[in-house]
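These protein sequence lines map, in sequence, to chains A and B. Using our numbering, the letters of the first sequence correspond one by one to residues 1 to 131. Using our numbering, the letters of the second sequence correspond one by one to residues 1 to 357.
Just so you know, these hints were derived from the structure itself, not from any lab. The model shown is predicted, which means the values in this text are computed figures rather than measured ones. In this text, a Cβ means the ideal position worked out from N, Cα and C, and glycines have one as well. Mixed in with the good hints there might be a few duds.
[To be verified] In silico SDA-like cross-links for lysine to any residue, where the CA-CA straight-line distance does not exceed 25 Å: (1) A/K85 - A/E75; (2) B/K277 - B/P196; (3) B/K133 - A/R32; (4) A/K85 - A/D30; (5) B/K133 - A/P93; (6) B/K270 - B/G75; (7) B/K123 - B/G273; (8) B/K270 - B/D226; (9) B/K133 - A/E95; (10) A/K52 - B/G138; (11) B/K133 - A/Q56; (12) B/K267 - B/R93; (13) B/K79 - B/A177; (14) A/K52 - B/D159; (15) A/K130 - A/S23; (16) B/K133 - A/T60; (17) B/K133 - A/M92; (18) B/K180 - B/I124; (19) A/K52 - B/S156; (20) A/K85 - A/H35; (21) A/K52 - B/F137; (22) B/K79 - B/K277; (23) A/K52 - B/E144; (24) B/K133 - A/F33; (25) B/K79 - B/S165; (26) A/K52 - A/G87; (27) B/K133 - A/G94; (28) A/K52 - A/P93.
[Unchecked claim] A few chain B residues that don't get close to chain A, going by computed Cβ distances all over 10 Å: (29) L120; (30) S165; (31) Q183; (32) N199; (33) A260; (34) F283; (35) Q306.
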Amino acid sequence: MTLARTVAALLLGAALLPACSSSPRTITVDMRFSHYLPTAMDVRAGETVRFKLVNQDPITHEFIIGDAALQQRFELSHPENHNGKPGQATVMPGETRYLSFTFATAVSLIFACHRPGHYAYGMRGTITVKA
Amino acid sequence: MARRLLLGCALACGATLIATPAYACGGLIGPNGAVNLARTTTLAAYHNGIEHYVTAFTFTGATKGTFGSIVPLPGIPTKVERGGDWTLQRLEREVAPPVPKGLFLDHTGVAFAAAPEIILQTKIDALDITVLKGGAFGVGTWAEQHGFNLPPDAPSVLDFYARRSQIFMAARFDAAAAVKRGQRAGDGTPIHLTIPTNNPWVPLRILALGKQGSEVIDADVFLLTDNVPAMLPQPVGGRNLAGAPLATGMQLVRSERANASLMQDLKIDKGMGWMPKSMWLTFIRLAAPANTLGYDLAIDATGQNQPSLQAAGFPTGIAAAAKHIRDSLPLWLAWTAAGALTGGLLTTMLRRRLRTA
Numbered sequence: 001m002t003l004a005r006t007v008a009a010l011l012l013g014a015a016l017l018p019a020c021s022s023s024p025r026t027i028t029v030d031m032r033f034s035h036y037l038p039t040a041m042d043v044r045a046g047e048t049v050r051f052k053l054v055n056q057d058p059i060t061h062e063f064i065i066g067d068a069a070l071q072q073r074f075e076l077s078h079p080e081n082h083n084g085k086p087g088q089a090t091v092m093p094g095e096t097r098y099l100s101f102t103f104a105t106a107v108s109l110i111f112a113c114h115r116p117g118h119y120a121y122g123m124r125g126t127i128t129v130k131a
Numbered sequence: 001m002a003r004r005l006l007l008g009c010a011l012a013c014g015a016t017l018i019a020t021p022a023y024a025c026g027g028l029i030g031p032n033g034a035v036n037l038a039r040t041t042t043l044a045a046y047h048n049g050i051e052h053y054v055t056a057f058t059f060t061g062a063t064k065g066t067f068g069s070i071v072p073l074p075g076i077p078t079k080v081e082r083g084g085d086w087t088l089q090r091l092e093r094e095v096a097p098p099v100p101k102g103l104f105l106d107h108t109g110v111a112f113a114a115a116p117e118i119i120l121q122t123k124i125d126a127l128d129i130t131v132l133k134g135g136a137f138g139v140g141t142w143a144e145q146h147g148f149n150l151p152p153d154a155p156s157v158l159d160f161y162a163r164r165s166q167i168f169m170a171a172r173f174d175a176a177a178a179v180k181r182g183q184r185a186g187d188g189t190p191i192h193l194t195i196p197t198n199n200p201w202v203p204l205r206i207l208a209l210g211k212q213g214s215e216v217i218d219a220d221v222f223l224l225t226d227n228v229p230a231m232l233p234q235p236v237g238g239r240n241l242a243g244a245p246l247a248t249g250m251q252l253v254r255s256e257r258a259n260a261s262l263m264q265d266l267k268i269d270k271g272m273g274w275m276p277k278s279m280w281l282t283f284i285r286l287a288a289p290a291n292t293l294g295y296d297l298a299i300d301a302t303g304q305n306q307p308s309l310q311a312a313g314f315p316t317g318i319a320a321a322a323k324h325i326r327d328s329l330p331l332w333l334a335w336t337a338a339g340a341l342t343g344g345l346l347t348t349m350l351r352r353r354l355r356t357a
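Only chain A is shown next, with the shape it has when bound in the complex (with noise of 0.2 Å):
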């Protein structure tokens, strides 16, 4: 009876363990007047990573991850909520928002953010994804 409970609990631990490895780590970003802080990233491909984005300011930020084609796309089109939508969140006024993302292959990414000015204000920053 031992040796079963021993080995149920064994079996049991061997099934959670690939979820406890894989739970995302967590990167703090906060938006400060305007600008974000850290506007360095590293992460690993195949990582997934849960931002934790922290709006001190007034006024209403973006964190929107992707290339710069897809930054200059953005830059051009009119704001809107990007709450729910793949590397994309719309931070208000004082608010911490989370954004979970999984960088599937090595590339250089910007995150940024395109409220009118903003990005020209230097409201952006590099995320380098590693082999």
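Start from chain A and add chain B according to the hints.
The following block gives chain B in isolation, referenced to the frame of chain A:
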């Protein structure tokens, strides 16, 4: 009475003939962010511990959308009222007699702002004025909630002011009311604030709100004080205060005892009866790229030559102030100034030598 009528008519006519300056004193914000701003004019008069701050907001002619301005203040105003009819125009005429340019008026965006604790609310013509007390976050959030898209530099600019004084004036232009009143593009509404304070200062950095770094900010700043004011930073051509930084974007154009005619003309304007018999007139012309305008104008009118570093926006000391202004200077401008100074020195030395010879 006759002088009052004559002066009113003369200045009213003058105002329609000259290209009217776009009066405003705060960071202008429109529905799509910052609004382009032409020259602004402000009077900061200080007497018996009271600052009289006079500026004007100009109707752009927009019939929809919200335009507004945020104006940081050195203290809680005891009175916010419609300004006199000609004070700003009379001061402009004093330093630059009007030259007829045509019948068209310049115009600019108009004003509005925001904050958590409402100290005072009033309506002057088509302007909804609210005086607010609160920190940068509260004021900014209030502004956002009232339909304004603050530009990205607003959080840091509001923080710059809130660390010194948490009093802001929000002026919102009611476009429908303006149209109903028959206001035309370019019509200005003067506002006169009476502010008890020991520490008068003129907000300048707010003028650069939302502007591109290289965009030149133009403003006419008039001071009326009991004594010759000491200023920080010093305008070019001003008195030399030991170690005080020089702001190359500010030019001291006039510094003299105000003549009797000007004093009389101002004193008979609405709300200007507080003026004593004699005051010192200072006229400063500001023409500075937005990215160099990281300061305000601190004034010491007591004669002690100690304008407040904090009021100028440099709480960390005079060295930091000098460094900030030096660092924000475009390189070409610094080299030009250095070249002019060296040339001047060489010329002086050469003249002395020739005289000696």
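Status of each hint after checking the structure:
no., hint, in the structure
1, A/K85 - A/E75, "holds, 17 Å"
2, B/K277 - B/P196, "holds, 20 Å"
3, B/K133 - A/R32, "holds, 22 Å"
4, A/K85 - A/D30, "holds, 20 Å"
5, B/K133 - A/P93, "holds, 19 Å"
6, B/K270 - B/G75, "holds, 23 Å"
7, B/K123 - B/G273, "holds, 22 Å"
8, B/K270 - B/D226, "holds, 21 Å"
9, B/K133 - A/E95, "holds, 22 Å"
10, A/K52 - B/G138, "holds, 23 Å"
11, B/K133 - A/Q56, "holds, 19 Å"
12, B/K267 - B/R93, "holds, 16 Å"
13, B/K79 - B/A177, "holds, 23 Å"
14, A/K52 - B/D159, "holds, 24 Å"
15, A/K130 - A/S23, "holds, 19 Å"
16, B/K133 - A/T60, "holds, 22 Å"
17, B/K133 - A/M92, "holds, 22 Å"
18, B/K180 - B/I124, "holds, 14 Å"
19, A/K52 - B/S156, "holds, 22 Å"
20, A/K85 - A/H35, "holds, 22 Å"
21, A/K52 - B/F137, "holds, 20 Å"
22, B/K79 - B/K277, "holds, 23 Å"
23, A/K52 - B/E144, "holds, 23 Å"
24, B/K133 - A/F33, "holds, 21 Å"
25, B/K79 - B/S165, "holds, 18 Å"
26, A/K52 - A/G87, "holds, 13 Å"
27, B/K133 - A/G94, "holds, 19 Å"
28, A/K52 - A/P93, "holds, 15 Å"
29, L120, "holds, 21 Å"
30, S165, "holds, 17 Å"
31, Q183, "holds, 28 Å"
32, N199, "holds, 26 Å"
33, A260, "holds, 49 Å"
34, F283, "holds, 33 Å"
35, Q306, "holds, 31 Å"
Checked against the numbered hints given earlier, the structure satisfies every one of them.
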